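Residue-level listing of the chains:
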Amino acid sequence: MTWVGKSALRKEGEKKLRGEAKYIDDITFPKMIFGITVRSPIARGILKQIEYLPGVDWDSIIKVTAKDIPGENYVALIEKDQPYLAEEKINHAEEPILLLAHADKNLLEKARKLVKFHIQPLPTVYTLEESLKQKEIVWGSNNILKTYAIDRGNVEAAFKTAHSVIEGTYSTGAQEQLYIEPNGVIAIANEKDGVTVWGSMQCPYYVHKALVPLFGLPPNKIRVVQTETGGGFGGKEEYPSVISGHAALLAWKSKLPVKMIYDRMEDMVATTKRHPSKTHIRTAFDKNHKLLALDIDFTIDGGAYATLSSVVLSRGTLHASGPYFSPNIKIRSRAVATNSPPHGAFRGFGAPQSLFAIERHMEFCAKTLKLDPIKLRKANLVKQGETLGCGQIVKEKIKLASVLDHALQASDYNKKRKIFAKNNKNNPIKKGIGIAVFMHGAGFTGSGETFLASIAAVKATPEGKIQVLTSNTEIGQGTNTVFSQMAADALGIDFSDIEVAQPDTSFVPNSGPTVASRTTMIVGKLVELAAKDLKQKLIAAQLLKENYSRQEFVAACKKYLKDVGDLKGMSQYKAPPNVIWDDKKYQGDAYGTYAWATYIAETSTDTRTFETKVDKFWAFQEVGKVINPNLARGQIIGGVAQGIGYALYEDIIWKDGRMANNKMSNYIMPTTLDIPDIEVKFMELPYSYGGGGSKGIGELPLDGPAPAILNAMENAIGIEINQIPVTPERLMALMESNPL
Amino acid sequence: MKKIKLTINGKLFSVNSNPFSRLLDVLRDELKLTGTKEGCGEGECGACSVIMEGKLVNSCLVPILQAEGKKILTVEGLAKKSLTPLQKNFMKCGGAQCGICTPGMLMAAHAIQLKKKKPSKKEIREGLGGNLCRCTGYSQIIESIQATRSKA
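Protein chains in written order, with our numbering: chain L, 1 to 740; chain R, 741 to 892.
Rather than coming from a laboratory, the hints here were simulated on the basis of the structure. Just so you know, not all the hints are guaranteed correct.
Stated by the list, open to error - Facing chain R, from chain L, some residues (calculated, C-beta under 10 Å):
(1) 228
(2) 264
(3) 474
These figures come from a predicted structure and were not determined experimentally. Ideal Cβ placement from N, Cα and C applies to all residues, glycine included.
Go ahead and model the full structure; you've got the sequences and the hints to work with.
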């Protein structure tokens, strides 16, 4: 019996269903007190003074400002520009300035209102357009956090010979991750034992890396433990480093355990969101509608600090030309600074933004050329042996055209376009059907995985189980379950023989962050290799033959533990031999592999209320080997639902650099009544360097829905919509300026 | 402070509480029933859903005074030794991912079942309309309830 490919039941499912799973807010420690963050009311200025107004017993409250930081005041990630607590310069609304702790939460809320910051305001920059004008410099010497350039062939020469040249501009808004469990941690910190943080997070070693310089302690004095995590979606990639540092600083000063849990409004107003973007695309086609040249200009708004913007920008840039082959490509991209709270990781990580642009653009090109949008795409889809925008030659077999055909057939796309066109004429509710064809690179971008050099381990326990040791977190996506399936198969034992250790930096190796659709594919492979290493130790010790039963394996482990000692298998990442990325030239094999997809949306737009509903959705993809069909389907449907929100509902209202609608009652995410039936289909081309033959799929489903839905809406109402989210208000404005 | 008696999962409890304390806080902080979660604190997400006198309520919007003498069911009161058919189907169909909305979803699903043995898909969608889930896109939650329905 093998486990890979079967819908094994969620490993930690039962405790979640019984309400027994312990999330951070379910945990208490003796003598624990509570911490809060007091934040800047304005977006930019110079902090002159902190005044504590009378009304509470200030002596009973623990106060931490930048001056109390024992080590260095920056959040270690990529750059050193973001302070844990603002010292003098304020760079964004809601920037943390002061931390307070006390045993009484109500008293803390009273105290928060009695803190007065005297800040001398400075001019602000709130949009990427303003930032690009460089009238006011808010970061570095020119507001530019990072740039990339790709040049292949001769784009300008190609434009001169083109049969047709088409250009368009596309923009996307910020999006809140909206995990249902807000950010939260508990910290215990003192000079003797060092710092320990428990919390809701995706990447324990990112938090670890950030706490080392903050406290100036040796790495072995910092311990980070992930507790059951109620969703992440990127929102708990880098932000937990901030809240962990804050709670730990309060714990350090108070010498007591400190719990810091954001309420929903604070979580929404102060933490990261998806980067807003603007893309300009110019395409040249020959007379057969083959792409001659692509000229893409891609800008994202990074907010006030560099955080992860450079890598988000990179993924966006490398996906910007979509799944198409063009002999000549020029891409210029940049992340710019504004005085918004830093934008950050969100499932898809730059790719949903640039793929939205290219897939809207291809639709627009087809319309302009009076061509079937499917024919135009098919004429230009990248084939095996051709290059993607980043210069990567597609060496593996590629089944995208077949994925596309299956999706067209299942959705009855061609027939529906005709029927809808006919029926829409006298109906105020206009139906449409639209498509998006795309890919998503799995694992860290470029040489990222090589630099990470992730390590995974497995060990035998005295109880006769095999424990998987990685720093990759279960955040709902099924890490525990798929690791158990892959380890069970690598060892030829049962799924129930495998345990997955709680990620705790005091004893799990650094297998890298839980991001970039890398956990199953990259770390899963490492788990398999570590399991095989353990098996080889048993064989080398002559306790196990090549062929063995499950009982013989368990007996061999127990004997090894008794006679020899600890039984552990390890593995470390090595890049596949044919994957070569040139960091200096910014070209090559940007990703080890890609998942390829076609998504189709069927929509209804009410031209009286300007509301749009997705009636049906088809999500078809080639994803390597599917490790757990049930979990994989759940990943796709959940991602599509977030993509539907991104396209139609989730609108962040900015006011003076601050999210004004920071509540679940006015930031609208999809409910059961907004999400249609979603038909999911997987095609499998096993990837030999992925765990169990898998490719990453976590982020893929966020890429397709927005362009597919907008293409469907254009099909329905005949108006170009090139900006998301398309709220009824935005559609009304567009339709009033473009009457039907 | 006021002494308030209420029945939770079939057991009588007496709490000494500010009458305006939220039922959610009494459950979680005083009675250590942490299965019920807080997602938004404004009655929007449904993570704190419990059943009070047969009706689905957001426990973050119920002052404890209002729960005086009432019968409350929380996620901890569902399974006895083994999981209920509904919980088993959540396992089988993939109705739980990160699990934070799951206690509330189970309560909403239970409330649907209390109303109707064999609810339609539309009735299931409507019954879950006040419970937000960011992971699943809802399909597998709906399927979990449908699977339970077909055996009811």
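Tested hints:
no., hint, verdict
1, 228, "holds, 7 Å"
2, 264, "holds, 4 Å"
3, 474, "holds, 8 Å"
Checked against the numbered hints listed earlier, the structure breaks none of them; every hint is satisfied.
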